[in-house]
Amino acid sequence: MTAYSFPDTKGRYGNFGGRFVPELLMPALLELEEAYDQAMNDPSFTEKLNYYLKNYVGRETPLYHAENLSRQLGGPAIYLKREDLNHTGAHKINNTIGQALLTLRMGKKKIVAETGAGQHGVATATVCALLGLECVVFMGEEDIRRQKLNVFRMELLGATVESVSQGSGTLKDAVNEALRYWVSHVEDTHYILGSVVGPHPFPKIVRDFQSVIGEETKRQYQEHTGELPDAVVACVGGGSNAMGMFFPFIQDKGVRIYGVEAGGSGIETHKHAATLTAGSTGVLHGTLTHLLQDSNGQIEEAHSISAGLDYPGVGPEHSHLHDTGRVTYTSVTDEEAIEAFKFLSSVEGIIPALESAHAVAYAAKLANDMDESQSLVICLSGRGDKDVESVKDALGGQTNE
Amino acid sequence: MNNPFLDNALNDQRKAGNNIVVPYIMAGDGGLEILEERLRFLEECGAAAVELGIPFSDPTADGPTIQDAGQRALKNGTTLKGVLDALETFKENRSIPVILMTYLNPIFTFGPETFAAACANAGVNGVIIPDMPLEEEALITDFLEQYGIANIRLAAMTSPNERLTNITQRTEGFLYAVSVKGTTGARTTHDESVKTYLQNLKQMTDTPVLAGFGVSTPEQAHELGSICDGVVIGSKIVDWFYKGQTDKVKQLIQKSI
Chain A
717 MTAYSFPDTK GRYGNFGGRF VPELLMPALL ELEEAYDQAM NDPSFTEKLN
767 YYLKNYVGRE TPLYHAENLS RQLGGPAIYL KREDLNHTGA HKINNTIGQA
817 LLTLRMGKKK IVAETGAGQH GVATATVCAL LGLECVVFMG EEDIRRQKLN
867 VFRMELLGAT VESVSQGSGT LKDAVNEALR YWVSHVEDTH YILGSVVGPH
917 PFPKIVRDFQ SVIGEETKRQ YQEHTGELPD AVVACVGGGS NAMGMFFPFI
967 QDKGVRIYGV EAGGSGIETH KHAATLTAGS TGVLHGTLTH LLQDSNGQIE
1017 EAHSISAGLD YPGVGPEHSH LHDTGRVTYT SVTDEEAIEA FKFLSSVEGI
1067 IPALESAHAV AYAAKLANDM DESQSLVICL SGRGDKDVES VKDALGGQTN
1117 E
Chain B
68 MNNPFLDNAL NDQRKAGNNI VVPYIMAGDG GLEILEERLR FLEECGAAAV
118 ELGIPFSDPT ADGPTIQDAG QRALKNGTTL KGVLDALETF KENRSIPVIL
168 MTYLNPIFTF GPETFAAACA NAGVNGVIIP DMPLEEEALI TDFLEQYGIA
218 NIRLAAMTSP NERLTNITQR TEGFLYAVSV KGTTGARTTH DESVKTYLQN
268 LKQMTDTPVL AGFGVSTPEQ AHELGSICDG VVIGSKIVDW FYKGQTDKVK
318 QLIQKSI
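Chains as they are written, first to last, in our numbering: chain A, 717 to 1117; chain B, 68 to 324.
What the hints contain is simulated information worked out from the structure, not anything from laboratory work. Treat the numbers as computed from the prediction; the structure is a model and nothing was measured.
In silico DSSO-like links for lysine-lysine, alpha-carbon gap of 27 Å or less:
no. : chain 1 : residue 1 : chain 2 : residue 2
1   : A       : LYS826    : B       : LYS248
2   : B       : LYS158    : B       : LYS142
3   : B       : LYS248    : A       : LYS824
4   : A       : LYS1108   : A       : LYS864
5   : A       : LYS764    : A       : LYS934
6   : A       : LYS987    : B       : LYS142
7   : A       : LYS726    : B       : LYS248
8   : A       : LYS969    : A       : LYS1081
Some chain A residues well away from chain B (every beta-carbon gap over 10 Å; in silico):
no. : residue
9   : LEU769
10  : LEU865
11  : GLN967
Computed footprint of chain B on chain A; a stretch qualifies when at least three of its residues, placed anywhere within it, have a C-beta under 8 Å from a C-beta of chain B:
no. : segment
12  : 727–737
13  : 1003–1012
Every residue, glycine too, gets a C-beta built ideally from N, C-alpha and C.
Given only the sequences and the hints, what does the whole structure look like? Please build it.
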């Protein structure tokens, strides 16, 4: 078996990836790639990164054997990788702390970032406060309305939040504005992209910083059982928590890997964010990948109850893993995600982020076809406190009782 | 590959001692039915060529004016294929070179080879693809070469000399020298370093060098044009056409030549 060695030197993952950006940004991408390679070969950088991951982020996070959930579903032993227990409540900070340290190393003092639900924005504003970096976060006006508290959090942390009214006023438009801002301030500003999307080297950098999820999972599971799990499941929007979980398992052929996209109101309604399930290939935000687009190459809006999955593109490495069949991509609807949100909360006392609830919902289906001798790991990418209000609204105020 | 029609049009202006002026308009802003009339108008104003923008949902290199124009054009149902079909209908009656400015995704969806063939068929002389740096252009260069469409490369003020050399050597038709560190849109002044940048580019190539982004007055056009060979004027013209102020468009172009 040949080793998995993507991306290649041009930032390609098979037929996907690359650097489709204006010439103005090319020098910054080349500089970033070089700085990143040097940093990862410099023990003082990785020591510093590990220091902050342990003492500031709170790693390692537990791999929790969810016995109630396992018993209720009646199939395999189910484990939750508790990324919700990280500082700021999601996996996003694994990446922002790494990129912020890289920014200092490049001698830049300013940060721009995009955010959808606000999780990446908060994780970015947090590390900027910690490391004394100036921070501007672009956020769609629709998302600002949906996530008022996260806007306040970012401001409290010293970031400037810029409202984006262009387009649909959601994550895609926030990325556009962040890219435009970066084009205009590229010499003193680093763009902390929040997912495994965008031009090379971002998909690689974000994957590598998030791979701590899968590496810990693998080690923790092996320490516990001496083996590898039979399956791992993660939700996929842009796909950073999924790539972080999947990457260390790619060459372990015995481990089945599942990526769960947001099915929104259902694939057949065209109101969804299931890019790999129902999209086609194209170029958006600097990378060649699967997109939701019309027959003329205009990007379409994504729909999901979960703002973090509400993106019409996906990381190019996911497109590659979809193409090769190494990872199975599927989707669950808003309704199924809400059911899983309620279910996990009630049986384990863990309120998952709506994003992560998609993974839980699919894992429950998967568990039906597995037996008690098997095991399954769910990447619980974030906590659900931020979603309690929208779930309440979606349920029309009704409760379980 | 070099497109003789475009090359000759630009060289004629240079020989006459004129500042080369290439206005940018958004295809489909105001409807595709006015395209023929608008191209003729720009030709009468003395434009050396026209840069025709194809609307895209996510134009990350553009500022607000061109973004808005693109949104209007998309609402009108403008598509890349629709624009090429429209251009084909009056290609015999046209004597001004047409350059398409389009982001890569509409081309990618259309198919790069089909696109190049359709450009040739519609009498398009060149293309500018702002999100396709040298590293990615292999996707389409052979097809543009095969169909005789000039691939106009963009230089940036952040590019180191090694890249600029490579870009100036490869460009066809003219070199689009992006003369701001930012997106498209009118600006009152250009950074002093623009002069050094343009002088540097002029020394690298005999192909015409046109400064673009942020040019909105005859003064700027002459200031930059005196260092290189001319300018591309975009947002201001898009804005005036939208507001129906065609006289101002005419004055701006005529005074900039």
